[in-house]
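Those protein sequence lines, which keep their order, are chains G and A.
Add 22 to a position in the first sequence, counting from 1, and you land on the number used in this note's numbering.
Note that this note's numbering numbers the second sequence so that position 75 is 72, with each residue one more than the last.
Among the clues, some could well be false.
Said to hold, decoys possible - Reference listing, derived: stretches of chain A covered by chain G, where coverage requires no fewer than 3 residues with Cβ under 8 Å from a Cβ of chain G: (1) 12 to 18; (2) 71 to 79; (3) 101 to 107.
As the list claims (entries may be wrong) - Just some of the chain A residues that point at chain G, by a computed CB distance under 7 Å: (4) Pro23; (5) Asn44; (6) Gln45; (7) Gly46; (8) Trp94.
Note that these hints are calculated values from the structure, not bench results.
Note that beta-carbon positions come from the ideal geometry of N, C-alpha and C, so glycine has one too.
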Amino acid sequence: MFPRLRVLASRIRGFFAGHRLDEDFQRELASHLDLLTEENIRRGLPPDEARRQARLRLGGAAQLRETQHDLRGLPWLETLLQDVRFGLRMLRKNPGFTAVAVITLALGIGATTAMFTVFDGVLLKSLRYPDAQRIVAINTQWTDSGKVFPATAGGDLEDLRGATDSFQAFSYYDGGEIGVQVSRSAEFVGAYQVDPQFFHVFTISPFAGRTFVAGDAGRAAVVSTGFAERNFGSGPAALGQTLQMDHTAYEIVGVMPPMFQFPRHAQVWAAVSPVPQNRDRSAYNYYSVAKLNPGVSLAMADAHLLSIANRLAAAFPDSNRNKAFVVQPLQEHLVASVRTSLFLLMGAVGTVLVIACANVANLMLARATSRVREFTMRSVLGADRKRLVMQLLSESVILAPASGLIGLGLAFWGTKALLVLGARFLPAPLLADIHFDWRVLAFTLATSFLTCILFGIGPAWQAARVDLHDAIKRAGASGLSGGGPSRLRDSLVIAQIALSLALAITASLFFRTLLALHGAALGYRTEGILVAYADAPARTLPEALQAGRFFDDLFARLRQIPGVISAAGAMGLPAGQYSSNGSFAIEGKQSFGGDFRKLPYAGFRLASPRYFATMGIPLIRGRDFDDGDLYDRPFVAIISESLARQNFPNEDPIGHRIMCGLDWNLKWMTVVGVVGDVRQSSPAAQPGPELYMPLQQHPFTANEAEVVVRTSANPESLIPAAQKIIHEMNPDVATKFTTMNELVSDSISGQRFSTALASSFAALALLLALSGMYAVVSYATTQRTAEFGMRSALGAQPANIIRLVVGGAARLAAIGVMVGVLLSILAGSLFSSMLFGVKSVDAPTYALVISIVLPITLLAAALPAWRASRVDPMVALRHE
Amino acid sequence: MADAKSEILQGTLDLMVLKTLHAIGPLHGYGIARRLEQISDDVLQLNQGTIYASLARLLQRGWISASWGASENNRKARFYSITKAGRKQLAAETENWKRIAGVIGRVLRLAERS
């Protein structure tokens, strides 16, 4: 090994000292020759003959020098540098070609890099928590239907906590955006009630203070750095301060670093009892996370949980039959909703890159074809094919650094735009991981070089296939036409058209989805409605009832603001953040209890009087809730059309009584009305059974309400007045304002993100395909100038020539469109689940896209065709 | 096959050059070539230039060193001398060569007897 290393070192030295060593060797040979000549003279030869003999003895000087040079230096590197130098010279000589190639590649690389940055941050990077691969979420699974539910029932939590063979730490959590009071102000923030074990799962050191210990339940809270700075000035200043959630005071004992954002948008974590409030085994109100013991695999944990599930199924058949628990790596749990979209978009952007490559390959090919004479000359002088391919390849690879660099710049802005677009869609705990780093840099570098090799190799191989015999015979001609190169060029154009058509169709389908979502009959109005989330803290029944009266007063006062048409409240607004659902029983048909999965199912919503009128949800039968439906009066309910249709097919539901487990005040509720269906969770949701109950009759759930105010003016203009009224009435009430429009728009942010990206990628792809078509047709027509000249000399009209050229282009376009349609059908089957209101193979969309793409493509061919038709026959014939 | 053959020849030439430098001391390229021809009684007719490829290989491996000096007739010439590593290599190669030669010799004698 050692001598070999030494040889390499000496070769590297030799490579850099090459010039000097060559001169030395020249001198050495000269002195050798002199000595030999002298010897020959001594032997009696005449000087001239002596010198000649000496030369013969020594051998060919040029060859010796060459051998010496190759031995001493790094011949392959030298060749490469030579190629690169030559390539750079070629690029300088063709600034137009260079600019087009670099910009095309930079666009492709930039878009791909930006998309990769997001893809990598969300899907590929592991979470930045210590031992992140051991952190799991625990889901409930129904073994009969295979359905997985990401929540856990309160009653099952304690059994899961007992799985210490698998879990090093286990914690449940629940919460969301709720009101948090600090001294005399209140704000709406992501606040979660967590088991004191919570931070043992994540083992993240606090930025200040400490995390929870066993005695902290119900007493201590940890807050985010942002929360601490906003409310107390700094992280350490927050320690020892008090905050209130739901009338419970918690002392702030720790401040978490900004990187920790789990669960979604969490800013406050309050320690609550490890034993949950609701211990029912069929109410799925909690989420659980755990850290696996070192060495425990997911399969081992699943097996362990299965044995627990089996034991529970035997003990509590009503609630636990066919129920299993499965672990899921936390990362997967977080990205489950965005995974398909991101894969699809990554595929789309990869297609754009391929199209960009095809474009540059076409340019290279066209240029190489006009350099046939050069290659012939090189071949004649002894260059073998490998050498020619290497030369052409290095000419394309030197485009990599420039296009990579510009692409990186584009990607920098692109990523920012993606983050703005995706802010509502991408999983919040992972947003911090989406940034430029060495991984992205390595990706860009690899992509740039790979693409340059990819587009370079085909043309290089093609061009280097010089048939000496043929080429020399045609030495007078300016270049090749017909045969291999043009076939490769045509296929590249066909591929470009096909791929961009497929992208355009995909983007259009997404766009149609978005339109369908915007146009979907929601069942409620979104215009002119201000939404205020308001949280009136309450813990005891009197406090909760007080909160209910507070809301009634609030609605009354809001109605007095000028421009307000009506005001009401609800808990469980469509597209809002609160959602509750469960089973219910109809008196005389079912009894509430037993196996819950045999009971009908509905969404549970609370509403104040006039809520339906404010929201524009039509009252179909019966009456609305009124001010007499109070806590101490008979309980009532209003049902949605779907619920009426499914459960009261041939009878009037009014007057029937219903019971559900929304809160633990189980009472029969009389159905007093039927209202229209709404698309509840988002415009993409199917209208389903909904059960509405009066806010006042369910005070424990109703201390947080979504206040809706309908106005003829811009709803946002009401915010200051509404804010003032609420603050005057009770400064402890935390509020957050939005509009119905915004809520609905947020609920389809995923579709918007995918559509925006797919559309931009498709536009980019089309642009590239058009310039590809233009380049190929104009190149081909230039090559055929003489032919066109001949034709017009023989009497062809300009129109004939235009038809000829455009006809050729149309043939390529037609094949491209056919392939593109096939590709679209294939791709459609991958994302059909992401569409709404349109089928993946939608004839009108296909027809529309084709009817746009085809003429544009032909237009790209028309300009060069027109130029060709204007050729003066005399000039053209001299062209050869 | 052609490669293998030339490799053997190269190796042999390297060994001879090394031995020459060991036996005679610093020499220039012409001197080495001349010396090799004399020793072989002019049986070995070299294309004298090939000696330089051998010298370059030996230099790279650090078995010989080179410096500029004056030749017998006061011309500038490059003198090569064997290094310590070169001597070690020579000893090893000589040993190796003898062993192979011995084996081949024995085999050939065996063939004669039968």
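Hint check results:
no.: 1; hint: 12 to 18; verdict: violated (count 0)
no.: 2; hint: 71 to 79; verdict: holds (count 4)
no.: 3; hint: 101 to 107; verdict: violated (count 0)
no.: 4; hint: Pro23; verdict: 14 Å, violated
no.: 5; hint: Asn44; verdict: 4 Å, holds
no.: 6; hint: Gln45; verdict: 5 Å, holds
no.: 7; hint: Gly46; verdict: 4 Å, holds
no.: 8; hint: Trp94; verdict: 18 Å, violated
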